[in-house]
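Chains A and B supply the protein sequences, listed in that same order. Residue 28 in the working numbering sits at position 28 of the first sequence, with consecutive numbering throughout. Residue 11 in the working numbering sits at position 11 of the second sequence, with consecutive numbering throughout.
Honestly, the hints are just simulated from the structure, not real lab data. Just so you know, these numbers come straight off a predicted model, no measurement behind them. Any given hint could be a false lead.
As the list claims (entries may be wrong) - Listed next, the in silico DSS-like pairs over lysine-lysine satisfying Cα-Cα at most 27 Å (straight line):
1. Lys138/A x Lys227/B
2. Lys127/A x Lys89/A
3. Lys138/A x Lys188/B
4. Lys102/A x Lys80/B
5. Lys27/B x Lys39/B
6. Lys39/B x Lys102/A
7. Lys114/B x Lys138/A
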Amino acid sequence: MLNVGKIEEGFVLDHIKAGKSLSIYEHLGLDKLDCTVAIIKNARSEKMGKKDILKVECDINTLDLDVLAFIDHNITVNVIKAGEIVQKKELVLPQQIKNVIKCHNPRCITSIEQELPHIFVLADSAKEVYRCKYCEEKYRENAIF
Amino acid sequence: MRHLMNPLDFSVEELDRLFDLANEIEKNPAKYAHVCDGKILATCFYEPSTRTRLSFESAMTRLGGRVIGFADANSSSAAKGESVSDTIRVISCYADICAMRHPKEGAPMVASEKSRIPVINAGDGGHYHPTQTLTDLLTIRSLKGHLDGFTIGLCGDLKFGRTVHSLINALVRYPGTRFIFISPEELKVPDYITEMLREKNVPYEEVIRLENVMPQLDMLYMTRVQKERFFNEEDYVRLKDFYVLDTAKMELAREDMLVLHPLPRVNEISVEVDDDPRAAYFRQAQYGVYVRMALIMTLLGLAS
Numbered sequence: 001m002l003n004v005g006k007i008e009e010g011f012v013l014d015h016i017k018a019g020k021s022l023s024i025y026e027h028l029g030l031d032k033l034d035c036t037v038a039i040i041k042n043a044r045s046e047k048m049g050k051k052d053i054l055k056v057e058c059d060i061n062t063l064d065l066d067v068l069a070f071i072d073h074n075i076t077v078n079v080i081k082a083g084e085i086v087q088k089k090e091l092v093l094p095q096q097i098k099n100v101i102k103c104h105n106p107r108c109i110t111s112i113e114q115e116l117p118h119i120f121v122l123a124d125s126a127k128e129v130y131r132c133k134y135c136e137e138k139y140r141e142n143a144i145f
Numbered sequence: 001m002r003h004l005m006n007p008l009d010f011s012v013e014e015l016d017r018l019f020d021l022a023n024e025i026e027k028n029p030a031k032y033a034h035v036c037d038g039k040i041l042a043t044c045f046y047e048p049s050t051r052t053r054l055s056f057e058s059a060m061t062r063l064g065g066r067v068i069g070f071a072d073a074n075s076s077s078a079a080k081g082e083s084v085s086d087t088i089r090v091i092s093c094y095a096d097i098c099a100m101r102h103p104k105e106g107a108p109m110v111a112s113e114k115s116r117i118p119v120i121n122a123g124d125g126g127h128y129h130p131t132q133t134l135t136d137l138l139t140i141r142s143l144k145g146h147l148d149g150f151t152i153g154l155c156g157d158l159k160f161g162r163t164v165h166s167l168i169n170a171l172v173r174y175p176g177t178r179f180i181f182i183s184p185e186e187l188k189v190p191d192y193i194t195e196m197l198r199e200k201n202v203p204y205e206e207v208i209r210l211e212n213v214m215p216q217l218d219m220l221y222m223t224r225v226q227k228e229r230f231f232n233e234e235d236y237v238r239l240k241d242f243y244v245l246d247t248a249k250m251e252l253a254r255e256d257m258l259v260l261h262p263l264p265r266v267n268e269i270s271v272e273v274d275d276d277p278r279a280a281y282f283r284q285a286q287y288g289v290y291v292r293m294a295l296i297m298t299l300l301g302l303a304s
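In isolation and in its complexed conformation, chain A is listed as follows (with noise of 0.2 Å):
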């Protein structure tokens, strides 16, 4: 069994999707941030069979987590300050979400123009409907970059 030690300050992910923890690492820009971040894979669960967890090392008000609501629900986000869990994170659906998921839309503009961000607006928090911040088409599933 591998063990991975405590943070003192930072985030701890868990029940990342099995296989999920390499793509939830790009998303929040963890290859542009300078901390240690451990990538956990396969853990054994006894919910989810396997799950991923991510240990980010970092100040916990660098980190931007919304994205995450939308990735995936079901992640666990535990804050951590000198050692121990302080919180349980609430994810929240973002406003926006950049270059997450992409716009499939043939007629929209983020098909052409050179180096345009795929941004998508939450149009219906309810529903959680995203729609492309140009053309309007609803994001549909496997969209994800």
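Following the hints, position chain B against chain A.
Just chain B now, with coordinates in the frame of chain A:
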């Protein structure tokens, strides 16, 4: 700085002010003949649309301003691969306001994000055509005196017709509106529109035959079955003649019903209807100029 991307960008109150100004211009054009002296409108048309472009050019010219621009993508730097963002940055150096038509949905919005001058969406693919909607609303308000409480029949291509979708979205803001959608099964109004109407408790009916509903209508909005929206020539040929308005059908309509059409017409309104006083589509084109004049003035901050 204000842009116009979507017909709903303006509140009902702001639209009232815009339409008041348009009616004022209609009554007293000489007073407004020089308000844009020294100003330049750039018409950036990445796909051809003679009517909309000329309407903008006429509007700016009648306000005393000047017009520069291009009429299709082949005669612009887009043919060399320039992005919309770069084009608008350059146009911002040349003009005071820009009207942009583009085949890709959202292109004018991309432009507005990088622009130093107001951008008007003059049509972005099948998405929005807000100045057509403003034209439609001004026509109705000018000829009927108000915008609330009407039963509006929309006929023809209700699936791909962006003018129809925009007009529906704009009219639901006025109380007492009721819609009757008249189209073949293949060109029915999209589900998201009917869902929106149900959510807002706006009554609507969907029917196949125009004759059956003519007596109920305060307004009949006819649309062209656009060839470019079809992938397949056979479907186009089969559907284009489905709904033709002629004098026989007009006899079933009320005395004060208005017939509107965004134009160009192909054959969905017989020319014999043109002389009927209820045919308002050419007056509508005239209101299109007035509303664009009022819009240019408003976005340039010259309206007060």
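### Task
Verify the proposed pairing of Lys138/A with Lys188/B, using a straight-line Cα cut of 27 Å.
holds, 19 Å
### Query
Regarding the pair Lys27/B and Lys39/B, is the alpha-carbon distance no greater than 27 Å?
Answer holds: Lys27/B to Lys39/B is near 23 Å, not above 27 Å.
### Query
Given the hinted pair Lys127/A and Lys89/A, is their alpha-carbon gap at most 27 Å?
holds, 22 Å
### Task
Decide if the proposed pair is consistent with the structure: Lys102/A and Lys80/B, CA atoms, cutoff 27 Å inclusive.
Satisfied, since the Cα-Cα distance of roughly 26 Å is no more than 27 Å.
### Query
Would the pair Lys138/A and Lys227/B pass a check requiring their Cα atoms to be no farther apart than 27 Å?
holds, 26 Å
### Query
Regarding the pair Lys39/B and Lys102/A, is the alpha-carbon distance no greater than 27 Å?
violated, 40 Å
### Query
Taking 27 Å as the top limit, are the C-alpha atoms of Lys114/B and Lys138/A close enough?
holds, 25 Å
The structure fails hint 6 only (numbered hints given earlier).
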